[in-house]
Amino acid sequence: MLDLFVSGRLPLSRFEWVLVTSWTYLFLAIMAQRQFVVRAKDAKSLPSGKSWTLFVHNLLLSLASLVMFLGLVRTSCRRSNIEGMDWLVCEPLNSNSSDSIIFWSYLYYLSKYYELGDTILAFVCRGKGPRHFYMHVYHHFYVLYMSYFYVASRQSLATVGMLFNTFVHIFMYYYYARAALQLETSWKNWVTRLQIIQFLFSFLLASIAVFIRPSWSLFSNECAGAYPLAANCLFNFTLLLLFFNVLKSSKKMKK
Numbered sequence: 001m002l003d004l005f006v007s008g009r010l011p012l013s014r015f016e017w018v019l020v021t022s023w024t025y026l027f028l029a030i031m032a033q034r035q036f037v038v039r040a041k042d043a044k045s046l047p048s049g050k051s052w053t054l055f056v057h058n059l060l061l062s063l064a065s066l067v068m069f070l071g072l073v074r075t076s077c078r079r080s081n082i083e084g085m086d087w088l089v090c091e092p093l094n095s096n097s098s099d100s101i102i103f104w105s106y107l108y109y110l111s112k113y114y115e116l117g118d119t120i121l122a123f124v125c126r127g128k129g130p131r132h133f134y135m136h137v138y139h140h141f142y143v144l145y146m147s148y149f150y151v152a153s154r155q156s157l158a159t160v161g162m163l164f165n166t167f168v169h170i171f172m173y174y175y176y177a178r179a180a181l182q183l184e185t186s187w188k189n190w191v192t193r194l195q196i197i198q199f200l201f202s203f204l205l206a207s208i209a210v211f212i213r214p215s216w217s218l219f220s221n222e223c224a225g226a227y228p229l230a231a232n233c234l235f236n237f238t239l240l241l242l243f244f245n246v247l248k249s250s251k252k253m254k255k
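Using UniProt numbering, the letters of the sequence shown correspond one by one to residues 1 to 255.
Worth flagging that the hints you see were computed from the coordinates, not collected in a lab. There may be inaccurate statements among the hints.
[Said to hold, decoys possible] Here are the simulated distance ranges between beta carbons: (1) Ser7 <-> Trp187: 29 to 35 Å; (2) Glu222 <-> Val56: 44 to 50 Å; (3) Phe237 <-> Ile30: 20 to 26 Å; (4) Arg131 <-> Leu63: 20 to 26 Å; (5) Leu247 <-> Leu4: 37 to 43 Å; (6) Pro11 <-> Gly49: 33 to 39 Å; (7) Glu222 <-> Thr53: 30 to 36 Å; (8) Ser186 <-> Arg131: 16 to 22 Å; (9) Ser186 <-> Ser7: 33 to 39 Å; (10) Asp99 <-> Arg131: 28 to 34 Å; (11) Asp86 <-> Leu4: 32 to 38 Å.
Note that beta-carbon positions come from the ideal geometry of N, C-alpha and C, so glycine has one too.
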C-alpha cells in the first residue's frame with residue numbers, strides 16, 4: 001500500500017494535492033474572515049440558535065476519530081506482540097511497515113481534508129470564523145503536511161501522534177457537536193487541557209527521539225522520517241504555546 005501512496009496511485013496521495021489544498025484553504029479562510037468581520041459587527045445579521053449541520057459534521061468526526069483510534073490500537077498491539085515496542089518511537093529505515101499501519105495512517109491523512117470543513121461551516125452556519133481563528137487556520141494548514149509525511153516517510157512516532165490525536169478528537173468533536181445544539185458540557189475545559197497534554201507529551205517524546213537519545217537521533221540515519229519529525233517538534237512547540245495562551249485568556253475572562 002505504501003508503494004501505491006508514494007507513486008500517487010491512491011486518491012489525494014500526490015504531494016501537489018497538499019500544496020494546492022493548503023494554500024487555497026489559507027487564502028479562502030483569510031478572505032472569508034475579512035469579509036465576515038464586517039458582518040459580525042452587526043450582531044442581528046449573524047445566524048443564531050442550533051445548527052444541525054454543525055452537529056452532524058462534528059459527530060461524524062468524533063465517530064471517525066473513535067474508529068481510527070481503535071483501529072490503531074489493535075494494529076499497534078498486534079505489531080508490538082511480534083516486533084516489540086521500539087518501532088513506536090523509531091521506525092527502522094530498512095523495515096517494511098505493515099499495510100495495516102499504512103492503511104490507518106492513510107485514513108488519518110484523508111480525514112484532515114474533511115476537517116477543513118470546520119472552518120467553512122463556521123462561516124456558513126454561524127456567519128463568523130472559528131474562535132481563535134488564526135491558531136485554528138495555522139493548525140489545519142500545517143496538519144495536511146504533517147499527516148502526508150506520516151505516510152510518505154513512514155515517520156517515526158507517527159503512530160503515537162495519531163493515537164493521541166484521535167483520542168483527543170473523540171471528545172473534542174463530541175463537545176463541538178453538543179455545542180452546535182447549544183447543550184451545556186460540564187467538562188468542556190478539559191478539551192483544551194487534553195490538547196495541551198497531547199502537544200506537551202508529543203513535543204517531549206519527539207525531542208527525546210530526535211535530539212537526545214543517540215540511537216534515535218536525527219543524525220543516526222537509523223529512524224525513518226527524522227526530518228519531518230524534527231519539523232513536527234517545532235510545530236508542537238508553537239501549538240503548545242498558543243494553547244497555553246488560550247487557557248490563560250479563558251481564566252482571565254472568568255475573573
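Outcome of the hint check:
For Ser7 paired with Trp187, a C-beta distance near 45 Å fails the hint of 29 to 35 Å. Look at Glu222 against Val56: about 45 Å separates their beta carbons, and that is inside 44 to 50 Å. The hint said 20 to 26 Å for the Cβ distance between Phe237 and Ile30, and at roughly 24 Å that hint holds. Judged by the Cβ atoms, the range 20 to 26 Å given for Arg131 and Leu63 holds: they are separated by roughly 23 Å.
The supplied range of 37 to 43 Å is met by Leu247 and Leu4, whose beta-carbon atoms lie about 42 Å from each other. For the hinted restraint 33 to 39 Å between Pro11 and Gly49, the CB-CB distance of approximately 36 Å keeps it satisfied. Restraint check, Glu222 to Thr53: a C-beta distance of roughly 48 Å breaks the suggested window 30 to 36 Å. In this structure the supplied range 16 to 22 Å holds for Ser186 paired with Arg131, their Cβ-Cβ distance being about 19 Å.
Separation of Ser186 from Ser7 is about 49 Å and departs from the stated range, judged on CB atoms against 33 to 39 Å. Asp99 and Arg131 have their C-beta atoms about 39 Å apart, which leaves the hinted 28 to 34 Å range violated. Taking 32 to 38 Å as the suggested C-beta distance range, the pair Asp86 and Leu4 does not conform, at roughly 27 Å.
Violated hints, listed in ascending order, are 1, 7, 9, 10 and 11; each of the other numbered hints is respected by the structure.
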